[in-house]
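**Q** Sequence:
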Amino acid sequence: ILALLIQIYGVFGIFDALQNVLAGVLRGCGKSGLSSRTYFACFYGMMLPGAAVAASRSRSAEGVWLVIGCGLAITTTIFGVLVSHQRFQQLSSEMTRRMDKEKSAALLQQG
Numbered sequence: 001i002l003a004l005l006i007q008i009y010g011v012f013g014i015f016d017a018l019q020n021v022l023a024g025v026l027r028g029c030g031k032s033g034l035s036s037r038t039y040f041a042c043f044y045g046m047m048l049p050g051a052a053v054a055a056s057r058s059r060s061a062e063g064v065w066l067v068i069g070c071g072l073a074i075t076t077t078i079f080g081v082l083v084s085h086q087r088f089q090q091l092s093s094e095m096t097r098r099m100d101k102e103k104s105a106a107l108l109q110q111g
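Reminder that position 11 of the sequence shown reads as 11 in the working numbering, one-by-one numbering, no gaps.
No wet-lab data here; the hints were simulated from the structure.
The structure presented is a predicted model; accordingly, all values stated were derived computationally and were not measured.
Just so it is clear, CB atoms sit at the ideal spot from N, CA and C, and this is done for glycine as well.
Hints may contain errors.
[Stated by the list, open to error] With beta-carbon atoms standing in for the labels, derived distance ranges: (1) E62 / K101: 14 to 24 Å; (2) Q109 / I14: 46 to 56 Å; (3) Q86 / L5: 32 to 42 Å; (4) S60 / R97: 17 to 27 Å; (5) E62 / S104: 26 to 36 Å; (6) Q90 / A55: 43 to 53 Å; (7) R27 / S104: 44 to 54 Å; (8) L48 / L5: 41 to 51 Å; (9) G30 / Q110: 21 to 31 Å; (10) V81 / E102: 44 to 54 Å; (11) G45 / Q7: 25 to 35 Å; (12) R87 / A41: 22 to 32 Å; (13) G80 / A55: 21 to 31 Å.
[What the hints assert, rightly or not] Lysine to aspartate or glutamate pairs mimicking DMTMM-like chemistry, simulated, CA-CA at most 25 Å apart: (14) K103 / D16; (15) K101 / D16; (16) K31 / D16; (17) K31 / E94.
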């Protein structure tokens, strides 16, 4: 059974890594609330109940891992869509203005 679980993780581990990176991109864009709500909905609304059902029906870790893996794939897809809709040029301009404003304020305090 261990060999099968490693194979399952070998496929879905890619989604696990990707969803973490994409969530980090959203947090870097200042959208940590959106990232947190997405995690919450996917993990507690889909993966946890699905894993509980799989565990009660199949009585094996294989079903639980498949449900979690599918949930990771769905979460990755949602994060990918959210990241693709970010306006990076606008976010960059806002951040530059904010940094210039903070730099000016710091110089005034020193002077």
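**Q** A separate judgement is required for each hint: does it hold in the structure or not?
**A** Verification of the supplied hints:
Judged by the Cβ atoms, the range 14 to 24 Å given for E62 and K101 is violated: they are separated by roughly 55 Å. The hinted window of 46 to 56 Å between Q109 and I14 holds, with their beta carbons roughly 48 Å apart. The beta-carbon spacing between Q86 and L5, approximately 35 Å, falls within the hinted interval of 32 to 42 Å. The beta-carbon spacing between S60 and R97, approximately 55 Å, falls outside the hinted interval of 17 to 27 Å.
The given range of 26 to 36 Å is broken by E62 and S104, whose C-beta atoms sit roughly 59 Å from each other. The hint said 43 to 53 Å for the Cβ distance between Q90 and A55, and at roughly 45 Å that hint holds. Distance hint check for R27 and S104: the Cβ-Cβ separation is about 27 Å, which falls outside the suggested range of 44 to 54 Å. Taken as a hint, the range 41 to 51 Å is violated for the pair L48 and L5, whose Cβ atoms sit roughly 19 Å apart.
For the pair G30 and Q110, the supplied restraint of 21 to 31 Å holds, since their beta-carbon distance comes to about 28 Å. In this structure, V81 and E102 break the distance hint of 44 to 54 Å, their C-beta atoms being roughly 32 Å apart. Separation of G45 from Q7 is about 27 Å and conforms to the stated range, judged on CB atoms against 25 to 35 Å. Look at R87 against A41: about 23 Å separates their beta carbons, and that is inside 22 to 32 Å.
For G80 paired with A55, a C-beta distance near 28 Å keeps the hint of 21 to 31 Å intact. For the given pair, K103 sits about 38 Å from D16 by alpha-carbon distance, which is inconsistent with the 25 Å threshold. For the suggested pair K101 and D16, the alpha carbons sit about 38 Å apart, so the restraint of at most 25 Å is broken. With a CA separation close to 20 Å, the supplied pair K31 and D16 stays within the 25 Å bound.
A threshold of 25 Å between alpha carbons decides the hint, and for K31 with E94 the separation of about 14 Å falls inside it, so the pair holds.
Of the numbered hints listed earlier, those contradicted by the structure are 1, 4, 5, 7, 8, 10, 14, 15.
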